Amino acid sequence: MFKKPFVLGILTVLVVGAIGASFWLGSTTESSADYIIASRKDVAEEVSVTGRVESAQSVDLAFEQGGKVTKVFVRVSDKVLAGASLVALENSELMASLSEARAGVSSAEAGLKQYQAALDSQKVKLDELKRGTRPEEIRLAEVKLENAKSAVLDAQKNMADKIVDAHTKADDAIRNKTDQLFTNPTTAPQFNFQITNQQLENDIESGRLAMESTLNTWHSSLSSIDSAGNLAPHQIRAEDSLNAVKAFLDKIAFMVNSLTSSGNLSQTTIDAYKADISTARININTAIGNLTAAEEKIKTSESGVLTAEQELSIKKAGSTEDQIRAQEAAVRQAEANVLSGKAQIVQAQASIQSIEARLGKAIIRAPFAGTVTRVDAKVGQIASVSASSVSLISEADFEIKAGVPEADIAKVKPGNDVHITLDAYGSDVRFDGSVSSIDPAETIVEGVATYQITVQFKNKDERIKSGMTANMNIFGEKRINIIAIPQRAVINKDGHKVVRILKGSDEKNPVFEDVPVETGLRGSDGSVEIIQGISEGDRVVVYSEEN
Numbered sequence: 012m013f014k015k016p017f018v019l020g021i022l023t024v025l026v027v028g029a030i031g032a033s034f035w036l037g038s039t040t041e042s043s044a045d046y047i048i049a050s051r052k053d054v055a056e057e058v059s060v061t062g063r064v065e066s067a068q069s070v071d072l073a074f075e076q077g078g079k080v081t082k083v084f085v086r087v088s089d090k091v092l093a094g095a096s097l098v099a100l101e102n103s104e105l106m107a108s109l110s111e112a113r114a115g116v117s118s119a120e121a122g123l124k125q126y127q128a129a130l131d132s133q134k135v136k137l138d139e140l141k142r143g144t145r146p147e148e149i150r151l152a153e154v155k156l157e158n159a160k161s162a163v164l165d166a167q168k169n170m171a172d173k174i175v176d177a178h179t180k181a182d183d184a185i186r187n188k189t190d191q192l193f194t195n196p197t198t199a200p201q202f203n204f205q206i207t208n209q210q211l212e213n214d215i216e217s218g219r220l221a222m223e224s225t226l227n228t229w230h231s232s233l234s235s236i237d238s239a240g241n242l243a244p245h246q247i248r249a250e251d252s253l254n255a256v257k258a259f260l261d262k263i264a265f266m267v268n269s270l271t272s273s274g275n276l277s278q279t280t281i282d283a284y285k286a287d288i289s290t291a292r293i294n295i296n297t298a299i300g301n302l303t304a305a306e307e308k309i310k311t312s313e314s315g316v317l318t319a320e321q322e323l324s325i326k327k328a329g330s331t332e333d334q335i336r337a338q339e340a341a342v343r344q345a346e347a348n349v350l351s352g353k354a355q356i357v358q359a360q361a362s363i364q365s366i367e368a369r370l371g372k373a374i375i376r377a378p379f380a381g382t383v384t385r386v387d388a389k390v391g392q393i394a395s396v397s398a399s400s401v402s403l404i405s406e407a408d409f410e411i412k413a414g415v416p417e418a419d420i421a422k423v424k425p426g427n428d429v430h431i432t433l434d435a436y437g438s439d440v441r442f443d444g445s446v447s448s449i450d451p452a453e454t455i456v457e458g459v460a461t462y463q464i465t466v467q468f469k470n471k472d473e474r475i476k477s478g479m480t481a482n483m484n485i486f487g488e489k490r491i492n493i494i495a496i497p498q499r500a501v502i503n504k505d506g507h508k509v510v511r512i513l514k515g516s517d518e519k520n521p522v523f524e525d526v527p528v529e530t531g532l533r534g535s536d537g538s539v540e541i542i543q544g545i546s547e548g549d550r551v552v553v554y555s556e557e558n
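In this text, residue positions in the sequence shown follow this note's numbering: the first is 12, and each later residue adds one.
In short, the hints are calculated from the structure, not lab data. Here the structure is a predicted model, which is why all the values come from computation and not from measurement. Yeah, the Cβ is synthetic: ideal placement off N, Cα and C, and Gly gets one too. A couple of the hints might just be wrong.
[Stated by the list, open to error] The calculated label-pair distances, taken between Cβ atoms and stated as ranges, are:
| no. | residue 1 | residue 2 | range |
| --- | --- | --- | --- |
| 1 | D450 | I48 | 35 to 45 Å |
| 2 | N158 | R186 | 36 to 46 Å |
| 3 | Q543 | T61 | 35 to 45 Å |
| 4 | K310 | E216 | 34 to 44 Å |
| 5 | D333 | R145 | 15 to 25 Å |
| 6 | E339 | Q543 | 47 to 57 Å |
| 7 | E307 | Q201 | 36 to 46 Å |
| 8 | D237 | T331 | 49 to 59 Å |
| 9 | N213 | D182 | 17 to 27 Å |
| 10 | D439 | K469 | 17 to 27 Å |
| 11 | S96 | D450 | 47 to 57 Å |
| 12 | K262 | Q334 | 54 to 64 Å |
| 13 | E307 | D450 | 43 to 53 Å |
[As the list claims (entries may be wrong)] Calculated lysine-lysine pairs in the BS3-like style (CA-CA distance at most 27 Å, straight line):
| no. | residue 1 | residue 2 |
| --- | --- | --- |
| 14 | K124 | K310 |
| 15 | K90 | K476 |
| 16 | K90 | K471 |
| 17 | K308 | K285 |
| 18 | K327 | K155 |
| 19 | K424 | K389 |
Work out the full structure, taking the sequences as your base and the hints as a guide.
In structure tokens, the structure reads:
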């Protein structure tokens with residue numbers, strides 16, 4: 012009865028011994044490698060964090076500056092997205108200022124280009140002085156002088172055109188944009204409606220008669236304008252006339268912005284008046300800027316002529332040490348002008364940013380997605396600073412605050428789906444949510460930078476209570492049907508990422524090839540996307556004796 016077990020035991024020992032011998036022989040005579048076949052799969056980022064349930068947000072919103080309410084975009088019970096406009100104040104004055112500031116930036120940028128061009132010219136001139144003059148350089152200097160003189164003529168013609176255009180804009184501003192407010196505007200102007208400020212009414216009506224005289228006199232002078240003649244008197248008249256028109260439009264704008272609807276004056280008409288007056292002011296500001304730019308162009312071109320004449324004279328006379336030193340000083344002055352031009356641009360851009368900030372304060376926007384619970388603002392009402400105009404609560408009854416480590420925050424974005432479990436109900440009960448916001452500033456927790464995120468529940472549920480501990484899986488980016496391999500298969504070699512490919516069919520004597528790769532998304536399952544370098548079906552080494 013013992014024979015069969017005895018025989019089986021002997022066979023078992025022989026088999027195990029044979030297998031062991033084969034492994035020992037293989038390990039001493041052959042290289043070995045573990046590999047996987049590169050294949051397509053889905054790769055997704057996932058971040059797991061723990062947070063605590065809190066009551067939903069609610070907020071009373073107010074303006075940071077006073078003004079007249081022109082738009083109310085929402086009603087009670089409306090649902091809004093984060094950043095949605097809720098209430099807006101009158102901003103035509105700021106828009107006109109913004110246009111003027113932008114024109115200032117454009118003018119400053121044009122000036123900087125001219126300064127830079129002058130600096131380049133002065134440097135070239137200095138180099139030529141140091142090098143000496145050749146005949147062909149003298150001829151080039153003569154051509155440059157001719158071109159500079161031609162540029163002066165072009166600049167003068169441009170000034171003449173801008174003066175005529177300025178008159179056109181002024182004429183349109185007064186006789187088209189503002190005359191709709193009057194009866195008999197050219198002879199005995201009277202407003203078409205009643206205003207309460209009698210002094211302002213008298214000033215504007217008498218100002219309209221003065222504008223008529225100004226425009227007529229200005230128009231008569233244009234018949235004698237000649238771009239090749241003396242433009243200075245025409246330029247002075249244009250500037251004075253534009254400033255007068257601008258001052259008159261300022262009074263008109265102040266009066267129109269104070270209008271309220273009445274029996275014979277609708278809000279639609281008032282809004283149309285405001286739009287036309289705002290357009291007129293913008294056009295006048297543009298005309299003033301155009302004249303300034305045209306004047307700078309003339310000055311620059313005339314300066315170019317002087318520079319070209321000096322340059323030609325220097326080339327003909329040859330350079331001396333004094334001339335070289337003088338030219339070096341001119342280069343330094345040109346460099347100072349460039350720095351000044353850059354400072355002017357920075358200042359003008361700062362003015363734009365300031366105005367844009369004030370425009371931002373003229374609109375109340377929703378700080379988060381939610382439901383409007385109260386609207387106190389009404390169109391035409393004067394809103395006071397810090398007085399609540401609208402109230403908002405978040406869409407969900409509860410939300411979750413959690414800290415995400417710096418290493419994972421790049422994987423989290425607003426709108427990401429979140430799977431939530433609450434300790435109170437166990438891991439089998441799942442709630443759905445989404446990331447609603449991410450704090451821009453870090454919080455240091457035990458020496459580690461973390462960023463607080465807010466997660467909103469997608470559905471109301473009576474089981475959710477404030478204070479509960481929430482475990483969350485946040486799903487980030489996902490790549491569908493891409494080539495992916497284990498992250499451990501990617502190695503760094505000489506500062507580059509490479510993957511070791513198994514070549515040939517003899518796995519007992521493998522041949523390896525290191526292939527550079529470009530990686531992409533890292534999945535939560537330990538795999539990494541391969542954008543470039545290997546193909547589907549390649550045998551990728553994850554371990555070898557050579558590793």
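Query raised in the report: Going straight from one Cα to the other, do K327 and K155 come out at no more than 27 Å?
Result: holds (14 Å)
Requested in this report: With 49 to 59 Å as the target window, see if D237 and T331 comply at their CB atoms.
Outcome: violated (42 Å)
Query raised in the report: Does the Cβ pair N213, D182 satisfy 17 to 27 Å?
Result: Given about 24 Å between the Cβ atoms, the range holds.
Report task. With respect to the beta-carbon atoms only, verify the hint that D450 and I48 lie 35 to 45 Å apart. Result -> Given range 35 to 45 Å: holds, Cβ gap about 44 Å.
Query raised in the report: Is the hinted pair K90 and K476 satisfied, with a Cα-Cα distance of at most 27 Å?
Result: Holds - the C-alpha atoms of K476 and K90 are around 23 Å apart, at most 27 Å.
Query raised in the report: Do the beta carbons of K262 and Q334 sit within 54 to 64 Å of each other?
Result: holds (57 Å)
Query - Range hint 35 to 45 Å (beta carbons of Q543 and T61) holds or violated - result: For T61 against Q543, whose Cβ atoms are near 38 Å apart, the range 35 to 45 Å holds.
Report task. Go ahead and decide if the range 36 to 46 Å is satisfied by the Cβ distance of N158 to R186. Result -> holds (41 Å)
Query raised in the report: Is the hinted pair K424 and K389 satisfied, with a Cα-Cα distance of at most 27 Å?
Result: violated (37 Å)
Query raised in the report: CB of E307 to CB of D450, is that within 43 to 53 Å?
Result: Holds, at about 48 Å.
Query raised in the report: For the pair supplied as a hint, K124 and K310, is the alpha-carbon distance within the 27 Å limit?
Result: Measuring from Cα to Cα gives roughly 14 Å; hence the hint holds.
Query raised in the report: Under the criterion that the straight-line Cα-Cα distance not exceed 27 Å, is the pair K90, K471 satisfied?
Result: Holds, because 16 Å separates the two Cα atoms, which is no more than 27 Å.
This entry does not satisfy hints 8, 11, 17, 19, going by the numbered hints stated previously.
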